Amino acid sequence: MLGIGRARGSLGTERAQEALAGYGFIAIPMALFLIFNIGALFYSAYISLWRWEILGPTEFLGFRNYAFILRDDVFHIAIKNSIYYTIIVVPIQMAIGLTLAVVVNEIWRGRSFFRAAFYFPAIASSAAITVLYIYIMAPDGLFNHLLELIGVNPLGFHNQGNWLGHSDTALNSIIGLNAWTTSGTMMLFYLGQLTAIPTEVYEAARADGAGPWTTFWRITFPLLRPAHYLVATVSVIGALQMFDQAYIAGGSGGDPAYSLMTMVLYLYNSAFRQFEFGYAAAVGIVLFVIIFTATLVQRRLFGSSDWQGAR
Amino acid sequence: MRRWLLLLAATALAAQACGGGGGGGTTFNADSVSGTVVLSGWQASPEEGAALNAALAGFKAKYPKITVDYQPIAGDYPTAMVAKFSAHQPPDVFYVDSGVAPDWIKQGVLQSLDDWSSSRNFDTSQFYSGYLNAFKGSDGKTYGYPKDGNTLAMAYNPDMLTAAGVQPPTTYDEMTTVGAALKSKGMVAYSMSTTLDRILAFIYGDGGNLLSSDKKSDAIDSKFKDAVSFYLNLFKMGYAKSPSQLGVDWNGKALGEKKAAIIFEGGWLDSYMKGTFPSVPYKWVAMPKGASGQATLGFTVSYSIGKDSPHKDAAWLLLTYLTGPDGMKIWTQGGVANPSRKDVPAPAGKDVLVNSAAFAHPWSFIPGFSKVSDAFNNAFEAAVEGKGTVDDVVSKTKSALDQQLNQP
Numbered sequence: 000m001l002g003i004g005r006a007r008g009s010l011g012t013e014r015a016q017e018a019l020a021g022y023g024f025i026a027i028p029m030a031l032f033l034i035f036n037i038g039a040l041f042y043s044a045y046i047s048l049w050r051w052e053i054l055g056p057t058e059f060l061g062f063r064n065y066a067f068i069l070r071d072d073v074f075h076i077a078i079k080n081s082i083y084y085t086i087i088v089v090p091i092q093m094a095i096g097l098t099l100a101v102v103v104n105e106i107w108r109g110r111s112f113f114r115a116a117f118y119f120p121a122i123a124s125s126a127a128i129t130v131l132y133i134y135i136m137a138p139d140g141l142f143n144h145l146l147e148l149i150g151v152n153p154l155g156f157h158n159q160g161n162w163l164g165h166s167d168t169a170l171n172s173i174i175g176l177n178a179w180t181t182s183g184t185m186m187l188f189y190l191g192q193l194t195a196i197p198t199e200v201y202e203a204a205r206a207d208g209a210g211p212w213t214t215f216w217r218i219t220f221p222l223l224r225p226a227h228y229l230v231a232t233v234s235v236i237g238a239l240q241m242f243d244q245a246y247i248a249g250g251s252g253g254d255p256a257y258s259l260m261t262m263v264l265y266l267y268n269s270a271f272r273q274f275e276f277g278y279a280a281a282v283g284i285v286l287f288v289i290i291f292t293a294t295l296v297q298r299r300l301f302g303s304s305d306w307q308g309a310r
Numbered sequence: 000m001r002r003w004l005l006l007l008a009a010t011a012l013a014a015q016a017c018g019g020g021g022g023g024g025t026t027f028n029a030d031s032v033s034g035t036v037v038l039s040g041w042q043a044s045p046e047e048g049a050a051l052n053a054a055l056a057g058f059k060a061k062y063p064k065i066t067v068d069y070q071p072i073a074g075d076y077p078t079a080m081v082a083k084f085s086a087h088q089p090p091d092v093f094y095v096d097s098g099v100a101p102d103w104i105k106q107g108v109l110q111s112l113d114d115w116s117s118s119r120n121f122d123t124s125q126f127y128s129g130y131l132n133a134f135k136g137s138d139g140k141t142y143g144y145p146k147d148g149n150t151l152a153m154a155y156n157p158d159m160l161t162a163a164g165v166q167p168p169t170t171y172d173e174m175t176t177v178g179a180a181l182k183s184k185g186m187v188a189y190s191m192s193t194t195l196d197r198i199l200a201f202i203y204g205d206g207g208n209l210l211s212s213d214k215k216s217d218a219i220d221s222k223f224k225d226a227v228s229f230y231l232n233l234f235k236m237g238y239a240k241s242p243s244q245l246g247v248d249w250n251g252k253a254l255g256e257k258k259a260a261i262i263f264e265g266g267w268l269d270s271y272m273k274g275t276f277p278s279v280p281y282k283w284v285a286m287p288k289g290a291s292g293q294a295t296l297g298f299t300v301s302y303s304i305g306k307d308s309p310h311k312d313a314a315w316l317l318l319t320y321l322t323g324p325d326g327m328k329i330w331t332q333g334g335v336a337n338p339s340r341k342d343v344p345a346p347a348g349k350d351v352l353v354n355s356a357a358f359a360h361p362w363s364f365i366p367g368f369s370k371v372s373d374a375f376n377n378a379f380e381a382a383v384e385g386k387g388t389v390d391d392v393v394s395k396t397k398s399a400l401d402q403q404l405n406q407p
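Chains as they are written, first to last, in numbering that gives the first Met the number 0: chain Z, 0 to 310; chain U, 0 to 407.
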């Protein structure tokens, strides 16, 4: 009796100790998360109610910063640009990422080479790629030379071949750039989920006489649902936070004609060019509400099935 | 104890007030100041670093008891400085760009210098007013002295003008005829920026203005509009193209690659042309004259002292040495910068840019001005693309200015 009791007791303490060690391990990241993410969020909400300058708060404004944001035409343009960008770039990124993943998954010889090659733009610095892209898309750049080679005269377009310098094409050009650079990351997410689909399903489909097209739409695509959710969420958050490419290609003014003014660029300008930190914090809170709402909507749309990628 | 100290301080102030006026500087003795001063700025080139070191060596010879700790800041200078200001640990002496000066003055992070310049006998009358006024706050006090200055002038490729059989334009009207002459030979006359920091020079030349003397937007009038129309028309007629339309990142490159014959830039063009296009010929002349005479923009950077600087006496000596005639002569003589003082001679080949300071307006306006210039630039770009009119440019600039003046 006594022995069993002691055994139970030691098992209990062992468990408790294990749990304690577990909590110990998550305590540090959790503390950092609480301070620098959650804490910073509440602190920004507090700052956003003040006129807050370089040396700190000077006047309590209540919600006047928010009222000012909603009235500012430039912020309306920034919201419009960010949402347009997101609506166009996310489906393109997902489509390219999925296509690359399916193709790479089918290849057996040189598979890791292609995986690395497609992923490469995602690991290169976005600043460096954007600078290269500016040269490629310049009026006398590589892209227009290629157009000329296939018999198209870019000077005949109404933007005169000035892709990043004309307000009609600047944002779309950045969409092209980002669809290319980020689709490698999306491919990796899809690849992880593709390998998690059991091969029996495909064998059964083949036995039933399903061709590759039917197999893809009836089996692969629906079974990738958790990956769709993950990829869509990550892309939407990334797209709504687009800053670096717009800043490098269009400068802090979002040139030309505000076509590259995004929400985060607007926030940056408020903080570091106008030194209105209270106002910038209010912009940040508005951005947070938009992203949070978008994520909740996606959760509703794509369900909440667990991510089952490579573990 | 505290009360005693207060009383002591009050007595000292009263004594100073009584003794003020005659001679001044009752307690300040430059030779007895010692310690270390931290000096910060950005560094554009190795030549600039060498010129600054030479000037600092001159300071060391004059004030051997003061050590200068030079800490240049790499990267985004305003952001780095904002972090230092908010930590109440700014460098003692540092650069302030005329474009951000109104913001930093309003934020109360800079030390006003007027009391010292009168009590310690520093003569500021030799600074070109177009540069010095850039560092005056709305309270009329001065928060920095210009370490050097640059103006916009006209740089042109003489070979291209000769090929078209024309002389460099001296008035805005001639700019149109020169533009037509080059266009008829298949050349682009002007590479011109679509931004306020160039166009404003032409607005001033036509007698227009951006801000009234009491800092209101009602100075934007028909003359402002006419000048913007004139500038826009050069684009519409195909006489001018923007750097982005020419496939370059700035006007200097358009001149270097001979994509345009004439540009309007400042002294920074010289080192660029020397380094990148040494064989392309170009010459400087002053800005063409508008309806109300000659005008240009003055871009300048000051040396200022932090409000929270712990070593203000030593900082004052460094500031006044570097912006005084001796220090500025050493700093500018190699040609890395142009003097902002009339009593310092122009370096070789810089006469046009230095003399233009006499009719330069400072590039320094109101706090939060970047939003106004963004509004102008974006409206003007839209007009160049045919998506807006000159009236749009005027109304959007005016409303951005009003918005900034009435910010909560």
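Hints were generated in silico from the structure; no laboratory data involved. Since the model is a prediction, treat every value here as computed from it, not as a measurement. One or more hints might be untrue.
[To be verified] Okay, derived cross-link-like pairs now, DSSO-like style, lysine-lysine, Cα gap no bigger than 27 Å in a straight line:
#, chain 1, residue 1, chain 2, residue 2
1, U, K235, U, K215
2, Z, K79, U, K386
3, U, K311, U, K83
4, U, K235, U, K214
5, U, K395, Z, K79
6, U, K257, U, K306
7, U, K306, U, K64
8, Z, K79, U, K59
9, U, K386, U, K135
Each hint tested on the structure:
no., hint, verdict
1, K235(U) <-> K215(U), "violated (31 Å)"
2, K79(Z) <-> K386(U), "holds (18 Å)"
3, K311(U) <-> K83(U), "holds (17 Å)"
4, K235(U) <-> K214(U), "violated (33 Å)"
5, K395(U) <-> K79(Z), "holds (19 Å)"
6, K257(U) <-> K306(U), "violated (48 Å)"
7, K306(U) <-> K64(U), "holds (23 Å)"
8, K79(Z) <-> K59(U), "violated (57 Å)"
9, K386(U) <-> K135(U), "violated (38 Å)"
Going through the hint list in order, the structure does not satisfy hints 1, 4, 6, 8 and 9.
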